[in-house]
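J.: So you can see what is in the structure, the chains are spelled out below.
4 protein chains.
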Amino acid sequence: MNFRSDNEAPVNTTIMQAIVAANSGFDESYGYDSYTNKLQQEMQKLFGCWCEVVPLTTGTAANSLAMALTTPAYGSLLCYESAHMMTDECGAPEFYSGGAKLIGIGGDEGKINTGSLDNYLAGVGVHGEHECLVSAISITQSTEAGTLYSLQELRQIKSIKEKYGLLLHMDGSRIANAIASLGCTVAEVTWKSGVDLLSFGATKNGAMMAEALIIFNPKIAKEIKRMRKRAGQLISKMRFVSAQLLAYLKDDLWLQLATHANQQAQLLLHALKSSHEFIYPVQANEVFLRLSPKAIRQLQKQGFEFHVWPGSHDIIRLVFSHATQSKHVVELIEALKKPL
Amino acid sequence: MNFRSDNEAPVNTTIMQAIVAANSGFDESYGYDSYTNKLQQEMQKLFGCWCEVVPLTTGTAANSLAMALTTPAYGSLLCYESAHMMTDECGAPEFYSGGAKLIGIGGDEGKINTGSLDNYLAGVGVHGEHECLVSAISITQSTEAGTLYSLQELRQIKSIKEKYGLLLHMDGSRIANAIASLGCTVAEVTWKSGVDLLSFGATKNGAMMAEALIIFNPKIAKEIKRMRKRAGQLISKMRFVSAQLLAYLKDDLWLQLATHANQQAQLLLHALKSSHEFIYPVQANEVFLRLSPKAIRQLQKQGFEFHVWPGSHDIIRLVFSHATQSKHVVELIEALKKPL
Amino acid sequence: MNFRSDNEAPVNTTIMQAIVAANSGFDESYGYDSYTNKLQQEMQKLFGCWCEVVPLTTGTAANSLAMALTTPAYGSLLCYESAHMMTDECGAPEFYSGGAKLIGIGGDEGKINTGSLDNYLAGVGVHGEHECLVSAISITQSTEAGTLYSLQELRQIKSIKEKYGLLLHMDGSRIANAIASLGCTVAEVTWKSGVDLLSFGATKNGAMMAEALIIFNPKIAKEIKRMRKRAGQLISKMRFVSAQLLAYLKDDLWLQLATHANQQAQLLLHALKSSHEFIYPVQANEVFLRLSPKAIRQLQKQGFEFHVWPGSHDIIRLVFSHATQSKHVVELIEALKKPL
Amino acid sequence: MNFRSDNEAPVNTTIMQAIVAANSGFDESYGYDSYTNKLQQEMQKLFGCWCEVVPLTTGTAANSLAMALTTPAYGSLLCYESAHMMTDECGAPEFYSGGAKLIGIGGDEGKINTGSLDNYLAGVGVHGEHECLVSAISITQSTEAGTLYSLQELRQIKSIKEKYGLLLHMDGSRIANAIASLGCTVAEVTWKSGVDLLSFGATKNGAMMAEALIIFNPKIAKEIKRMRKRAGQLISKMRFVSAQLLAYLKDDLWLQLATHANQQAQLLLHALKSSHEFIYPVQANEVFLRLSPKAIRQLQKQGFEFHVWPGSHDIIRLVFSHATQSKHVVELIEALKKPL
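From first to last, the protein sequence lines are chains A, B, C and D. When you read off a place in the first sequence, starting at 1, and then add 8, the result is the number in our numbering. When you read off a place in the second sequence, starting at 1, and then add 8, the result is the number in our numbering. When you read off a place in the third sequence, starting at 1, and then add 8, the result is the number in our numbering. When you read off a place in the fourth sequence, starting at 1, and then add 8, the result is the number in our numbering.
Hints in this document: simulated from the structure, not taken from any laboratory. One or more of the hints may lead you astray.
Beta-carbon label-pair distances, calculated as ranges [unchecked claim]: (1) R163(A) to G114(C): 28 to 36 Å; (2) S167(A) to D259(D): 56 to 64 Å; (3) G319(D) to K230(B): 32 to 40 Å; (4) G173(D) to H284(B): 39 to 47 Å; (5) A130(A) to K230(B): 42 to 50 Å; (6) L277(C) to V28(D): 30 to 38 Å; (7) E342(C) to Q160(A): 53 to 61 Å; (8) A130(A) to E89(C): 17 to 25 Å; (9) L277(D) to G33(C): 22 to 30 Å; (10) T193(B) to E89(C): 50 to 58 Å; (11) K230(B) to Q160(C): 34 to 42 Å; (12) G33(C) to K346(D): 24 to 32 Å; (13) A29(C) to D259(D): 25 to 33 Å; (14) K230(B) to S167(A): 41 to 49 Å.
With a straight-line cut-off of 20 Å between C-alpha atoms, the simulated SDA-like cross-links for lysine to any residue are [stated by the list, open to error]: (15) K230(A) to V142(D); (16) K230(D) to Y172(A); (17) K171(C) to Q160(C).
Using N, Cα and C, we set each Cβ at its ideal position, and we do this for glycine too.
Could you build the full structure based on these sequences and the hints that come with them?
T.: Below is the structure:
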């Protein structure tokens, strides 16, 4: 029973069928196909605005192209001190931007503290040309801690972004889980909240390999095609990526899948909240739980798979996906409830 | 009737079935799955030697990682003056290598002239630290002109490589067409001919998005995993790439598909060789033909799709793929034979 | 009366005379001149070991080449969280290394806390290829806070470096002040303490524009000449840089100049230690003092020049140089003692 | 008797005196000193227009910053196929630009053939995002062959630059020799000829280490200070660079020194033009002469120092500098006239 990562889940059947269906005869390569063209339109409908849609196969590529589009080589981008871009992409954002700097800002529950962010920015500039040009902010929604920025928190970040003339990126590797939980539109969470570009993830939520960089700000979109090609990210048979995303959007499949995943997390939370320590508020599809090392070993022996959180000995991360079966969650709950 | 590019062809049915079959339950992500593990073994069987297999989704990524592995940032790599790496990858090899130099060497029929190569290398070093360190050679097999390096030509390049202590890369975006045509083993064309690393293409020959960088030289393979991750090329659900490659290798499907494509090119050649000018020898699945602009327009009107070669007005490129139907080739031959 | 920076001080007369004396006729360019050759020998005498000496004109170039030599593009280097490399070089180390990561480690009084360093390193590796390869440590001696790593602290860092198989860089922009104060040899502070390469500064301590990267570890020195050239750091008339460094070393001029500067700091310390708050121990040629904003304005009006420390309103930095006159220090002391 | 390189010549006495004179007391560092400020004004007077003046210590830094300012990482810059930027800077322009491409254009006598340039540009764009964005042209004045672009040739390049919307850089490592020979103003040769930025050399013509990047186009100048710092090129005691350039400009010293150098080349030309083969027209301070290998050895034995041109056995380069004595030129002429 796999609670280790939504990356280990299979592909949703509807999406797989769409891939198979896209395999009819010849079609133009390198993104000039009919699927990619339609995807552009469907995304614009979804977001209710102009946007440039860049289909990709990894979230790291999306985040790193975002860094390159917003942050010049002599610039810096501010993100949460343990954001995925900072700790888990092996320097890809720095690589794509030609060596720009990622600067970590502290906070709680996986989220940038807006006071710290504002303080940091207020002190910027005193070193003149000796310091990098702060150019952008990146936030993750839902966060690496399984929490959410509320619309109000997003408004605060938007106002900071505007105060200092910065660009705003959202790492939406799990944006579907956020939207499903917040109950607002994806437009509200993104461009209406000042987001200039979004890494729109689908792979973790049921696609095979399909992410999209969505650029709302036309000023920075201009040479994205050359940048994608130069990064080795231009898929020749792109129709098979775009077809995944089209199926993902159709009839709100993306929200159905995320809702299911979120519900499994809530199921666990409600069963255990009085007996167990949850490290962070459970707002999306990830749960961080404190367990004794003995209890951890016990669970593992019973065949439950999950990550013991790096740097800790008594915190485990459980990830629920579109493919997580409720009966397995129930088994997990029972196992956790059993006295050692 | 599409003769424009093998990138526009659909996915071979057997490969598509393998993708669907790989979609059973959870599996480890980031290349630690059973398919990727098996692929490593199958490739080692195919090549008859140790090799590191790096599944990727684009040929540009494979070539550019090869550049980064062989050529330090202060180095240079020699390739044919109009190789794909030089003219069609928007600087990706330079990007991945941190700004190293690609140096074009002249030749004929899409192949480096070994005399020119040797001459160039003999003159290297006189500028000392003012010139980049020549580090590697890259050749394309089959070439961008649809021609092949013979085993004898490969031996010459091997001896030059060894004479100057360089590494040798092969861009095998269409390696299957080369092997199918040469009638020798892929080992003979690669590591037995001094190739240190190979971009092994599958996408153009029937896969959906599946390439592999095959590294025969353990000295340069060591940090390839970090380099792949940092390039945003680490596919989370990698099993779906590896499954394509496994199906591609199984029962020599890759050679069957390439043989079919090559045969279509030969069909055209034999029908038209006495009446038409073929720009290069037809040795794989690409044909370059001289036609009057009027004849070109005529063909286009009849629904034949192909590239008029950039920089010319009277040369067309025809690409034959695993999915090209012989009846369409026959129609094309008839159209070409018809007097204007 | 300038206490703002040792970079604002003039050139020491003996060094200036050496520059003028080097101007006799033609000499080979690009470092193949007799002065640079002799410098290599003199540095090896000074350090009592083999070393590669790379004359440069900026400390940032020395530090950044050190980063490039020790840290691959997919790697990271650990330094004090507000080290010069981290905060004041506009991303030059990242640039030179092709986008590698600088990771800040906390501490006190401008120095890395060795416990934090060890802790950080103990946790490295759990993310596998998703995290950068920790490759090197950099420490500043004397530090940006005007403090010193003792020989004992250096031994601790050496043992951590060896425990984790890392390289060790020392930013010695003010190494002369450290040696003059510690009363040990420069060999003891550097290669005998595990330092693999040293940015040896002279500009702040009396030279015009002369720094040297000193590489003790032959394994990383091999391609430094190409890396220097490629960085645009190969001075054509290098004899005029090397001549400065030769004069700087001759008859221990470098230590005399640093001793003078350090003594001025001590003069101030002893006069004011009972009446004023010194932020850090005064161990080299920099003093950080807490003063009321009113007192700061008063001093400025009297013509004393210094930096109010960025991020504070009541901390000033006073830098003493080879050219600081004791009578000006006395005037400063009197001004500081006067009641507002 | 040194005819090897103007880089091996000593510093002109007036310039050395200016360096010594600048050494009076404290002055602001990092380019905020009075000398650098005055230099900005003097350069604007010289050029008769607004310009941003960036003092540097190497020509490679000037050229490479120019590349970075004009050519994005996904772009390319066109230059003569054996321009210094292409062959003698160890990839520095590629490094500074983050991996952009240098593309060599053929020509004669060290100059780009404008027909070839136009042809190349006419063919650009057919590969779409698969090719780099052609962004700039760079020409060298005087050229690496000791020849000059006439004002008419510059007008042709200007019109090509404008036709394709490119930026134009001039590598003026020996611009003084060009101006002294052409007898026009430096404004006519630069911004009036469409030059957007100029590497203005002084080191080869009598300075110690002093070059300036002169940016005429304010659109590209904006972040040059951060880019300079990040490249490790921000000299802390910049007054000593600016003082050289001020002395160099004063009373047209730069033109006097270059005129002297050019005259020595003409002296040799006129004495030998009927008896010897000059490879290129002699228009500045460099002469390329064909000599038998035996004659070359003979000259070397007599103590004449020069380069035998890389790649040849019978071509020598003679460089005349501000410090070349006419009597040595006369001796050289006599030696060359003597029958073997």
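J.: Hint by hint, note whether the structure agrees.
T.: Status of the hints after comparison with the structure:
no.	hint	verdict
1	R163(A) to G114(C): 28 to 36 Å	holds (33 Å)
2	S167(A) to D259(D): 56 to 64 Å	holds (58 Å)
3	G319(D) to K230(B): 32 to 40 Å	holds (37 Å)
4	G173(D) to H284(B): 39 to 47 Å	holds (40 Å)
5	A130(A) to K230(B): 42 to 50 Å	holds (45 Å)
6	L277(C) to V28(D): 30 to 38 Å	holds (35 Å)
7	E342(C) to Q160(A): 53 to 61 Å	holds (56 Å)
8	A130(A) to E89(C): 17 to 25 Å	holds (19 Å)
9	L277(D) to G33(C): 22 to 30 Å	holds (25 Å)
10	T193(B) to E89(C): 50 to 58 Å	holds (56 Å)
11	K230(B) to Q160(C): 34 to 42 Å	holds (36 Å)
12	G33(C) to K346(D): 24 to 32 Å	holds (26 Å)
13	A29(C) to D259(D): 25 to 33 Å	holds (26 Å)
14	K230(B) to S167(A): 41 to 49 Å	holds (48 Å)
15	K230(A) to V142(D)	holds (15 Å)
16	K230(D) to Y172(A)	holds (18 Å)
17	K171(C) to Q160(C)	holds (17 Å)
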